[in-house]
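**Student:** Spelled out from the first residue to the last, the chains are:
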Amino acid sequence: MTEEINGNIIQDTQPQETNSLRARARQYAPVLCWIPIVVLCLLGVVLFLFPIANVVVASDARLTGYGVFQGDWLSGLKTPVIVTLILACVCLPAGVTAAVLKKYRTSLGWEILAVTVSFGLLATGVGQAIWLNSMSFAPGTFSILCIVFGSVTLLLSGIEMAIHMALVADNATRALWKSEFNHYKGWLYLLPVLVLLGIFTVWPIFNTIRMAFLNGYKSLDEVGGQTFTFGIENFRSVMRYRGFLTCLGNTMLLTVITVPLSTMLALLVAVALNSIKPLRRLFQTIFFLPYVTNAIAIGMVFMAMFQMVGADVGEPTSIGIINRVIVAFGGKRINWVNAGSGYWSNMFVLIIYIVWNALPFKILVLLGGLQGVNKQYYDAAKVDGASRLRTFWRITVPLLSPMIAYVVITGFIGGFKEYSSIVGIFGDTMGPIGDAGRLNTMVGFIYDCISGNDQGRASAAALILFAIIFVVTMINMYVSKKKVHY
Amino acid sequence: MKVVLKHLTKIFPSRDKKDKSAEVVAVNDFNLEIPDGKLIGLLGPSGCGKSTTLFMISGLEEPTSGRIYFGDDDVTALAPENRGIGLVFQNYALYPHMTVQQNILFPLQNLKGENRLSKEDMLKRANEAARLVQIGEYMNRKPSELSGGQQQRVAIARALVKMPRVLLLDEPLSNLDARLRLQTREEIRRIQRDTQITTIFVTHDQEEAMSISDFIVVMKLGVIMQTGKPQWVYDDPANLFVAKFLGTPPINVFRGRVEGGKLYIGEENVLDVDGVEDQEVFVGIRPEGFILDKEGRMTCTVSGVDVMGRDVSVVSSNEAAVSPLVRSIISSDEMGNIQGTTASFNLKPHKVFLFNKETEERVRFGEQVAAHERMLEEMRAEGQDYTTHEGPLPREQDDKPKEEVAVPEKKGLLAKVKSLFGKKPAPAQAPVEEIPAEEPPQEPAAEEPDSPEETTDSEAKE
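Sequences listed follow chains A and B, in order. Per this note's numbering, the first sequence runs over residues 10 to 495. Per this note's numbering, the second sequence runs over residues 720 to 1181.
The set of hints was computed from the structure by calculation and includes no laboratory data. These figures come from a predicted structure and were not determined experimentally. Idealized CB from N, CA, C, for every residue including glycine. Heads up, some of the hints might be wrong.
[Claimed, not checked] Derived contacts from chain B toward chain A, CB cut-off under 7 angstroms, selection only:
no.: 1; residue: Leu779
no.: 2; residue: Pro799
no.: 3; residue: Glu800
no.: 4; residue: Leu806
no.: 5; residue: Ala812
no.: 6; residue: His816
no.: 7; residue: Pro826
no.: 8; residue: Asn829
no.: 9; residue: Tyr953
no.: 10; residue: Phe1001
[As the list claims (entries may be wrong)] Dumping the calculated EDC-like pairs for lysine to aspartate or glutamate here, alpha-carbon to alpha-carbon at most 20 angstroms:
no.: 11; chain 1: A; residue 1: Lys286; chain 2: B; residue 2: Glu780
no.: 12; chain 1: B; residue 1: Lys757; chain 2: B; residue 2: Glu905
no.: 13; chain 1: A; residue 1: Lys384; chain 2: B; residue 2: Glu780
no.: 14; chain 1: A; residue 1: Lys391; chain 2: B; residue 2: Glu780
no.: 15; chain 1: B; residue 1: Lys757; chain 2: B; residue 2: Asp792
no.: 16; chain 1: B; residue 1: Lys1076; chain 2: B; residue 2: Glu1038
no.: 17; chain 1: B; residue 1: Lys721; chain 2: B; residue 2: Glu742
no.: 18; chain 1: B; residue 1: Lys1067; chain 2: B; residue 2: Asp1012
no.: 19; chain 1: A; residue 1: Lys286; chain 2: B; residue 2: Glu1092
no.: 20; chain 1: A; residue 1: Lys492; chain 2: B; residue 2: Glu864
no.: 21; chain 1: B; residue 1: Lys1067; chain 2: B; residue 2: Asp991
no.: 22; chain 1: B; residue 1: Lys1070; chain 2: B; residue 2: Glu1053
no.: 23; chain 1: B; residue 1: Lys948; chain 2: B; residue 2: Glu752
no.: 24; chain 1: B; residue 1: Lys725; chain 2: B; residue 2: Asp791
no.: 25; chain 1: A; residue 1: Lys491; chain 2: B; residue 2: Glu864
no.: 26; chain 1: B; residue 1: Lys861; chain 2: B; residue 2: Glu847
no.: 27; chain 1: A; residue 1: Lys490; chain 2: B; residue 2: Glu864
no.: 28; chain 1: B; residue 1: Lys843; chain 2: B; residue 2: Asp913
no.: 29; chain 1: B; residue 1: Lys963; chain 2: B; residue 2: Glu926
no.: 30; chain 1: B; residue 1: Lys963; chain 2: B; residue 2: Glu1080
no.: 31; chain 1: B; residue 1: Lys721; chain 2: B; residue 2: Asp792
no.: 32; chain 1: A; residue 1: Lys384; chain 2: B; residue 2: Glu781
no.: 33; chain 1: B; residue 1: Lys981; chain 2: B; residue 2: Asp991
no.: 34; chain 1: A; residue 1: Lys391; chain 2: B; residue 2: Glu781
no.: 35; chain 1: B; residue 1: Lys1070; chain 2: B; residue 2: Glu999
no.: 36; chain 1: B; residue 1: Lys721; chain 2: B; residue 2: Asp791
no.: 37; chain 1: B; residue 1: Lys1070; chain 2: B; residue 2: Glu1101
Take the sequences, apply the hints, and build the full model.
**Tutor:** This is how it looks when you write it as structure tokens:
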């Protein structure tokens, strides 16, 4: 080894770039690397900001005819919004008051957190409940219900505090009760959440399973006094149903294409964002904007970008911006989403939209992961002579693999539940005019069954969807266990 | 490979780039010639710029000015991968997702063109490197499954596998426990001797640097204070900083003065120093420079004696000492010479160093002048440069009187802001708050009444 090292030192690692031209090229290389990044960022700005700007301005007259921007949508929202606001106004002072009252005690952090979070969840739960049109309660009833809940929580908290204050004087008793008391207190604070979870999550899940296994179950018929036999007829009927395979196929196709695509794009954007310093915060915000916008509203903007008005009756009266660009570059305009459009052009629009919509969350998670990677690994890779590409594949990707796995798993779950994007672009007919239901998905199928008062079949389909998601997630976990470095 | 650093300077700009006063000069006009095949230690307190120097040699940091030569090649503008260096990071930076073998192979797999080896050759080289650092049996483990010392050796193997011209080690031992540190530094020494690769070693631990380096460079605030063989630097420090930085236990420093060829510490004439002009001095005396003697010329008040096997460390105090404790190491045979609480010492002249009080530079006397000449000659014979810092010594920023002026200004601002909110200015409050913290003895007394209650507590639980 000794001799070999001595002998090889000069031969092996003699620098080859002593001539000035290559040295100079190396000097300018970092500047050149900036160009794709800048282009990417600008592209990101255009791609991400344009649809959002469109929503805000709502300048396209075609949108206003669609219903969402008509006058009555706000009034429907009014009650839950007001209730949530009122509750928020209650929770915040409640938390603060609790903090002030309990100042004399050392452990108060998590208690206040529990109180505040319970109220927050209460507000969300109630908001959700009001959203469900099928609920037989009137919104008013719910406001009362939540106020009762809130008061009970406050009251219990107050009583607990009173007891506690009384006990402060007596050290021995306090020590005796301390451990027991803390346990009971934890459950007390969790109570509102547990009740809400029970009502709005556990019971519906249980009910779904029950309905799925009651042959031909219909809630209206049950109200009418009919009884149902136990069996798997609902599952059979789902399988036999003509639209089901289309829905399953569409769902699978969309998921399999969009998840890898959006993950890879997100990884690229995250790495690019991570490598720039100036304006990073700005770009981060811009790339995150789609996440905070409404999926259906943006979907309609996408439709407006792709559509051709009046194409089905002859020469279109106006065409969307995408076709304008195609025409401007000398291409032939394509019927993307209107009557008579092809399946794959529909799918193309959907895929672009879903990927666009899925990117922000993934970018955020991956960027967070990237920023957690120790910079020294990159220094070491630099000293070891790894090229940028090799550093990316051999260092960045493996070190980021937990984040990538997370993004892929949640991406698959979200992909299988795809629904709102199709409603956004094609409306609740789930397909272009004249071809309704062509782009329907599993969740769409379930909704259709519910609106046909066929809860049994809907429940069966929901369980099938759950099984699919479960199996795919298990596969994901299995693969990631082998490939992911934690 | 000889490494030459010429006028190397690194300035880190302040966050606000226009603010020139806040920029940090990490390395200041650094000139050094590192001979081929030697192991040299860059030594200094933390923040003295030694790691920055190392990273500039590696190419990871770009020097603000100055040039770096490997042999005759100017490598200043070369990227790290083209310099032919191996770098071992302080926390090793082993790729956590790769096995030991993959880690060691990684630099080889990155080679391109004619340098690229066949797969068998790569494996052969990796195995050789692994054998050299004795980790052959762990090739299929992940770094997280190795101990600190083993990880460290993997890092060295990864640095060595591409046959670097220069091996750079950034505080390689600081993450190891004491026993492992001793073992590993022998290991590094052995590997360096076996491979004969020019090695630069950064550490803040003077003992570490002294024990394994052929040559040490003592740095302070980005400036070289002294270079030379460890023993020479220890025996002939060029200034007070070097004298204080080297040696455990540290050197004892006294305020003293020279009058008519006699050295006074306090009122005692402790040593005759011929040929030194009258001046105020700092006197540095190595712990081993004391001889216990009933008739000794220097007296100290003994406060304790630590017996450490063969040697005895006498802890005493002297009014003229800069630090409250004076440590002297004597042979245990001389123990009987301590009478009561006072000990009298004679001094070994070659262990006593005088430093001018103003410049803190060395003032040599008697034999020391000739010894210094001998050392210089020996150094020249070996082809090494003798470098010491010249001109005014750099000082820590908080030594500067300027800063002292700046602080009250800040306080004034703070007070102004506080007065806006109707509060008293901060300086008045601060001492009031500190007083209770300085009185720990009272606390146990305050707790006593509680203890009976605690017993009742436990009774109640039962």
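**Student:** Confirm or reject each hint.
**Tutor:** Evaluation of the provided hints:
no.: 1; hint: Leu779; result: holds (5 angstroms)
no.: 2; hint: Pro799; result: holds (5 angstroms)
no.: 3; hint: Glu800; result: holds (3 angstroms)
no.: 4; hint: Leu806; result: holds (5 angstroms)
no.: 5; hint: Ala812; result: holds (4 angstroms)
no.: 6; hint: His816; result: holds (4 angstroms)
no.: 7; hint: Pro826; result: holds (4 angstroms)
no.: 8; hint: Asn829; result: holds (4 angstroms)
no.: 9; hint: Tyr953; result: violated (31 angstroms)
no.: 10; hint: Phe1001; result: violated (41 angstroms)
no.: 11; hint: A:Lys286 with B:Glu780; result: holds (18 angstroms)
no.: 12; hint: B:Lys757 with B:Glu905; result: holds (15 angstroms)
no.: 13; hint: A:Lys384 with B:Glu780; result: holds (14 angstroms)
no.: 14; hint: A:Lys391 with B:Glu780; result: holds (12 angstroms)
no.: 15; hint: B:Lys757 with B:Asp792; result: holds (19 angstroms)
no.: 16; hint: B:Lys1076 with B:Glu1038; result: holds (17 angstroms)
no.: 17; hint: B:Lys721 with B:Glu742; result: violated (32 angstroms)
no.: 18; hint: B:Lys1067 with B:Asp1012; result: holds (12 angstroms)
no.: 19; hint: A:Lys286 with B:Glu1092; result: violated (55 angstroms)
no.: 20; hint: A:Lys492 with B:Glu864; result: holds (18 angstroms)
no.: 21; hint: B:Lys1067 with B:Asp991; result: holds (11 angstroms)
no.: 22; hint: B:Lys1070 with B:Glu1053; result: holds (19 angstroms)
no.: 23; hint: B:Lys948 with B:Glu752; result: holds (14 angstroms)
no.: 24; hint: B:Lys725 with B:Asp791; result: holds (13 angstroms)
no.: 25; hint: A:Lys491 with B:Glu864; result: holds (17 angstroms)
no.: 26; hint: B:Lys861 with B:Glu847; result: holds (19 angstroms)
no.: 27; hint: A:Lys490 with B:Glu864; result: holds (18 angstroms)
no.: 28; hint: B:Lys843 with B:Asp913; result: holds (18 angstroms)
no.: 29; hint: B:Lys963 with B:Glu926; result: holds (13 angstroms)
no.: 30; hint: B:Lys963 with B:Glu1080; result: holds (12 angstroms)
no.: 31; hint: B:Lys721 with B:Asp792; result: holds (10 angstroms)
no.: 32; hint: A:Lys384 with B:Glu781; result: holds (17 angstroms)
no.: 33; hint: B:Lys981 with B:Asp991; result: holds (5 angstroms)
no.: 34; hint: A:Lys391 with B:Glu781; result: holds (14 angstroms)
no.: 35; hint: B:Lys1070 with B:Glu999; result: holds (19 angstroms)
no.: 36; hint: B:Lys721 with B:Asp791; result: holds (8 angstroms)
no.: 37; hint: B:Lys1070 with B:Glu1101; result: violated (25 angstroms)
Comparing the model with each earlier hint shows violations of hints 9, 10, 17, 19, 37; every other hint is respected.
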